[in-house]
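Chemist: Protein chains in written order, with our numbering: chain A, 1 to 503; chain B, 504 to 777; chain C, 778 to 1065; chain D, 1066 to 1419; chain E, 1420 to 1681.
The reader is advised that the hints may include incorrect statements.
Unchecked claim - One-sided excerpt, in silico: chain A residues whose CB lies under 8 Å from chain D:
1) V8
2) D14
3) V17
4) H174
5) R187
6) A193
7) V217
8) L226
9) E273
10) V276
11) E476
As the list claims (entries may be wrong) - Coverage of chain E stretches by chain B, computed from C-beta distances (three or more under 8 Å per stretch; other residues unrestricted):
12) 1495–1507
13) 1533–1547
14) 1579–1589
15) 1612–1619
16) 1636–1645
No wet-lab data here; the hints were simulated from the structure.
Where a beta carbon is used, it is the ideal one built from N, C-alpha and C, also for glycine.
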Amino acid sequence: ATPPDILVVAQSLDDIVSLDPAEGFELSSVQAFTSVYERLAEPDRDDPRQLDPVLAQSWNTGADGHSLTFTLRSGATFASGRAVDADDVVWSLRRAVTLNRAPAFILNELGWTAANVAEHVIALDAAHVRITWPKAVGPSFALNVLTAPVASILDAREVRAHDVANDAGNAWLHLHSAGSGPFSIRRYIPHEALVLAANPSSPGGAPHVRTIVIKNVADAATRRLLVEVGDADIARDLGPDQVAALQGEAGLATLRLPSAAVHYLLLNAGNTENPVLANPAFWEAARWLVDYDGIANTLLKGTFEVHQAFLANGVPGALNTTPYHLDIARAKAILARAGIHDATLTLDVFNQPPFPDIAQSLQATFGAAGITVRILPGTASEVYARTRTRTEQAAWLYWIPDYFDPNSTASAFASNPEDGTATIAARAAWHIPALTDLTRQAVAERDPARRIALYTQIQTHVQANSPFVIALQAHEQIVLRSNVHGYQQGLDADMVYYDRVSK
Amino acid sequence: MMRRIWRTSYGGRFALVVIVGVTLVACLAPRLAPYDPYAQQFAVRLMPPSSTHWLGTDGLGRDVLSRLMYGARPTLGLAVLVIALTVPIGLAIGIVAGYAGGWIERVLMRVTDIFMAFPRLVLALAFVGLLGPGLLNGALALVLTGWPAYARVSRAEIAALRRSDYLAAAEMQGITGFRLFWGHLLPICVPSARVRLALDLASIILAAAGLGFLGLGVRPPAAEWGTMVADGSKVIFDQWWLAAIPGLSIVVLSLAFNLLADALRDSTDPHHER
Amino acid sequence: MSDNPLLSVERLTIRASDASRPSDTSPARPIVDGISFEMRVRRLGLVGESGSGKSLTARALLGLLRPGLAASADRIALAGRDLRDLNAREWAAIRGAEIALVLQDPRHALNPVQPVGKQIEESLVLHRRLSRAERRERTLDIMKAVGLPDPVRLLGAYPRELSGGMGQRVMLAIALVNGPKLLIADEPTSALDARLRDHVLELMSTLAEERRMGLLLISHDLQQVSRYCEHVLVMYRGAIVDACDASALATSTHPYTRTLWACRPGARTHGSMLPVLDRSDRSWSVRS
Amino acid sequence: MPLPFSSLNSAHARTARASSIARALGRLGASALTIAGLLAVTFALSSLSPIDPVRQLVGDHASESAYRAARHALGLDVSRPLQFAHYVARLAHGDLGLSRSTGQPVSQDLARVFPATIELATIAMAVCAVVGIAAGMLGAARPGRIVDQCVRALAVLGASVPIFWLGLVALYVFYARLHWTGGPGRLDDAYEYTIDMHTGFVLVDAWRSSETGAFASAIAHLVLPVLVLAFSAVGNVARLTRTAMLGELGHEYVTLARAKGASERRILLSHVLPNIAGTLLTVLALGYASLLEGAVLTETIFAWPGIGRYLSTALFASDTPAILGATLVIGIAFVLINGVTDWLVHVFDPRLAR
Amino acid sequence: MSDVNDDIAIRIEALRVGFGHRAQPAIVLDGMDLSVKRGEVFGLIGPSGSGKSTLLRVLAGIERNWSGAIDVFEHRLAPRMRFKGALRRDVQMVFQDPYASLHPLHTIGRALTEALEVNRIDSPKRRIDAMLDEVGLPGDVLERYPHQLSGGQRQRVGIARALLLSPRVVLLDEPTSALDVSVQAEILNLLVRVKARHEMTFVLVSHDRGVLAHLCDRAAVIERGRIVETWDRQALSGWETETDADARVESWVPGASSPAAS
Ligand SMILES: Nc1ncnc2c1ncn2[C@@H]1O[C@H](COP(=O)(O)OP(=O)(O)OP(=O)(O)O)[C@@H](O)[C@H]1O
Ligand SMILES: Nc1ncnc2c1ncn2[C@@H]1O[C@H](COP(=O)(O)OP(=O)(O)OP(=O)(O)O)[C@@H](O)[C@H]1O
Ligand SMILES: [Mg+2]
Ligand SMILES: [Mg+2]
């Protein structure tokens, strides 16, 4: 059993590379950022379509639609006890851009670069910050960008004190924190555990539990065992079978939470070794060859729902139609009409559950229509390495929005500016100048309703015509000991809230 | 030889039965297996053993018995491949070193020592990790670390004979070259190599299973015992047999090879041993 | 000599139990076939060709047959005390104290990782309650008695540092340190250089006389035995085929003894054929 | 009689000492060569790897110039032999590069995780040595009897059971079902991250910490992985002990010891055991090495934060520097174990001390 | 080629053999001069380690690292030369330990046949049968393995194998020292018989003066790699009176007379 003042969470932490919010871009690290850092504004945890001011008290949109002025909340302090001031905000945002690590591209969406960010992010006085942006995007988009973890506000003085060789404290932040969130990092042991200590001076109020131990337990069966035996209070990422077995067991509660992750099959139209992949008829057939229902409701029961548009349910503008289902005869007919026989393809998948199971299901249904699928399981980096170099034929992948705005996803699936930008459409070698324009138009649109309408239009097009078979939206299944109360989790990867948990 | 093992002990009998049986099953899997090992039926996922599926079904509703039968193939195949490479290399190097002596021996044995000191499983993991998953990459590492054992033993055996009277006697009769190697030197090393080989087979089977368990073995949907244990371990607390059955198969097969090694050791005529 | 012979053996038989018997020996024939003898002289010789059962006989007297061999006898008595049916503890008390053994090859018979001194002392530790100093003194005494040079220094030497002759003397010291009644020497010199043989045998027979101790000398060399023993038993295929006084060996009428005695080559035999055994003649081979 | 024994003896000792130094030096050279071989193989492996380390580092969105800069920073823009030279040069300074999956220097990571493995393997080895040698002696004392049969059966079984499977089963039975032992990890969570790890050895640190119960918790967590790990090697130790003992029992000096009146127990303990000490030492060293390897799988099952788990995590992240570093460290440990054993055997065996 | 004396079978001049490091080799044979006459039995005796076996191994072409001059009949030997053809057949050797000189995994039949096969000698079957008869072995030994024979039988096989190639010189390295006196007598008788039937030269090493006195026409003593004394037949006859007791007193140098422990 776990001690009363410690919350033990069993999950996989193996993905964490960095706990510097300007660098960390993995599921587990962005989850942690929410507990450790705060941003100017964050999506409301009950209705993420709403924005809540956090470190900012309020903001004003500039008349030109290309600037925002934030008034900082008074009395907010960092874990070190220092008050948050405009200098921290400006320094943190500029730092994220100039450090230019993986998630910096999110801020780049505003047109900020290492060269120009200093003129676009300025402190008006100790309590006011003004930002401007050169790109043709609307202020609501800009606000959404600033809710991303990369825009977290750090204790500038503390971090600067740990600067080594001009790294802006990056090395130090790998293992430490300097934020204003409800918790601070007490100890981080890579691949082993992240220990968070309550930060009583947090602007949001002191959390209920004193310590959180997020324990790295790589194996799902062990996670389940730990929570069942009571050696963990919360177990994340449980497979369907594990959850099913725990159902109804005394002392345990199961949460099933939708996530913004969409899973899709990518067909690389640019692969010259296998020209059939460039044939839209083949794409069309593929849409009828996924056992959406079988995977979501039998094979991986509870961890997925059928979802066939790129914006996940719950994200503003999501399209909820599901026109496709498994229909082998129809797929065969389409293939026959297009003169496609004996097609074969290789399918890259991650070698971790549940991907091999999904891949084997695809293998079976495609096989039924005469398409031979050879599965190439690989570590995540291998699979990404192949898709990056565009040597893959097909891959089963998933997408999680980087920030809570439809553009995050739309610009990946429906935009291929052909300038070297590595969007998903570009990886599939899908040439769509018109659609790219439309996506650009949508992000610049300042009227929210019209913006939604544009995204619906784009999704409908992608659903029917792209070399993607968007199939499933993930649900996360979490098992908690029943004495754990107040746990909350939102749609997007970073929306994990421990501050109101009590036990 | 077989007969002698059969007569020596119950262990030897068990070993022969299991090894011959598993080999047959592996060869005849397509004929023996009651189901297509790849056919998925989501409706009957995770069924306990029953009269329709003797060993139940796995997470994709595939028949476990059929997969078990097919699963013997990569394991045995790998073992045979590794042995086919390690034994000849090891014996050749050992015999040449032991017979030649001098600097040839020193150089060859230094190389042997280097490879001998490599951690076997770890190197296999590194190979697979760096060159990509697959039993073949693992096999490469097993070959690389496997031959020195044969080389060392055979060198010692031959070097002990280097100045022996019966090599001198062979020399007196003008027996040289390949004839000497094949007819006189090699047979000396065979009994110990045979025991070592049986032991090695057991350890290769375990290593292959270990790779499979870590998800670094065969590619799905191919069945392999280690991978089946890993898959089964996901549901070990509820459908324990899914991990237990392939695990037991590994135990039984490697046990058989270990017992064979024992029987070989015991049955080697003491008069034939030096 | 008293009425009780030092050693008396009646119908000693040694068989291989079924499991350990090589497949080519017939089950019926025992390896040692009901031999009987008494030791009424101080120095008794036991000769015979290789494989005739000399060593097995010697070991049976010490209760040291290997597993797989079994001995039975109507009587085996040491100075009147019957040795059959002793338990392990009783045997341990007798071995090394009343009967001692010297083996053929010092290179193999001494523990290679124990200093010589400790090996000699062990006999004392096992059978006497002595202080450390007394043990050391006795050890040095016996080492001097068997003619080991510089015994103090030798105490810490390991067997591999000794020459064959020295090794054999160490073994003799181990055997004699407790003053046994009977010393059994199983081919004590066949691993030694020709020159050393006589030294060691000479030493043994002198010590046997000095210490009033029985010596059972096993050898296949008739000439040698005739020189150092008073009485000789001749074995062939597990049976004692001839027994006579050492001085009478040269004139023995038994064909086996005669051949063994005469088949030694030498200048005298140059140009002629040596006498050999007619092994097909079984008439003298079974005599019990 | 001439007695040159004394002078010869000391001369002998002198040459023996000189030659043992020479031997030690030779050993050292051999070990260095072996490590160099290992280095070469691991390096060759890393350059054969299909994964682009630069891309892994800079990520997807990096520009061509950023890519080139990172490539230069990693030293990958020079020829392979030069890269190898740099690699060795950096190694000499203890620099194994940056792990891509932890973001920390690999050397630092390894310094953190290796003690956990050493602790696990060493305790398992101790169990193995005591149980294995005792069992081997029991078997040898009465060959063919029940005890012996049991020892042999266990030995064969130990060598046949896949350790990961045994670990799973043990965890399932003793932790999940019976609650007899601690679960995965090194300590209960109450202590795991609250006591300070100074030495990296959980038993030591738990003992020294002020937390009562931490030590008991450490023991409870150690039991299963230690036993599972030991089980895989104990059979081999028992079998080889038994074989060595039986072989030794056939020697003439044993007959002589019996003829002195020594009891069987005394013969086994004070005559035979010292004689096979060298063999046993070698057997144990081999066992120790195999335990280090077995730790890879055991640690994965028991969430034991050692080098094995570090390596398998690195494998999944294709974290080349970490894979190479861990392989190298285990390889060096192997070489050291072999070298030290060899040296010990020579030092303690009077037969070989020449 | 030096002057070929019809009378001399083996002529050795200034033969040196060393082992070990090139820098400071352990010299085993140190400038040995020796000649053996055609058809005689030449004996060699000497303390252990004096180089007797080494000399025979050089003559047999097994030990090829030597310097000096050696002629065997019309063949002039050269260091590092591998014996082939006629020379190979002309020189044969019989070893001390008959068990160690027979391949434990080959039947006697195979051991004997192979010698003939390698040297491409025809009708091997007939020759082998004749030879078995000559050395007094039953025909059924051909199917047996060495461990299934007695020591005396094994040595007979060793002799048969050497004689099968009809050598002109037979080198015998302590051929009876592993055997019992009674068996030794049988083997010695066999050697005498064989010698009488074939025109052969014997070089015989033994540590047993009796054996030499019984068999040899001449004999020599080797000490530290040199011939220190040579006896002719007459001198050998005088051995009868000597006893072992007047051999030199043993030296107590540790390890001097015991071969290195294994
Ligand atoms: N354990 C055993 N099982 C079966 N037969 C055995 C065993 N030990 C010895 N023998 C046989 O018993 C016979 C007598 O052996 P023993 O050692 O007594 O002969 P020996 O007279 O001492 O000969 P040597 O002179 O060679 O020492 C031999 O034929 C031998 O093969
Ligand atoms: N290959 C070798 N390497 C090193 N030393 C050798 C080698 N062969 C023989 N010797 C040494 O040469 C010396 C002479 O050996 P050799 O066998 O010729 O002696 P021997 O006279 O036959 O002795 P023995 O009577 O014991 O058979 C010995 O000191 C031996 O150790
Ligand atoms: Mg004997
Ligand atoms: Mg010799």
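Chemist: Each hint needs a verdict: does it hold in this structure or not?
Modeler: The hints, checked one at a time:
no.	hint	in the structure
1	V8	5 Å, holds
2	D14	5 Å, holds
3	V17	5 Å, holds
4	H174	5 Å, holds
5	R187	6 Å, holds
6	A193	6 Å, holds
7	V217	6 Å, holds
8	L226	6 Å, holds
9	E273	17 Å, violated
10	V276	25 Å, violated
11	E476	21 Å, violated
12	1495–1507	holds (count 4)
13	1533–1547	holds (count 4)
14	1579–1589	holds (count 3)
15	1612–1619	violated (count 0)
16	1636–1645	violated (count 0)
Figure legend: structure checked against the earlier numbered hints; hints not met, in rising order: 9, 10, 11, 15 and 16.
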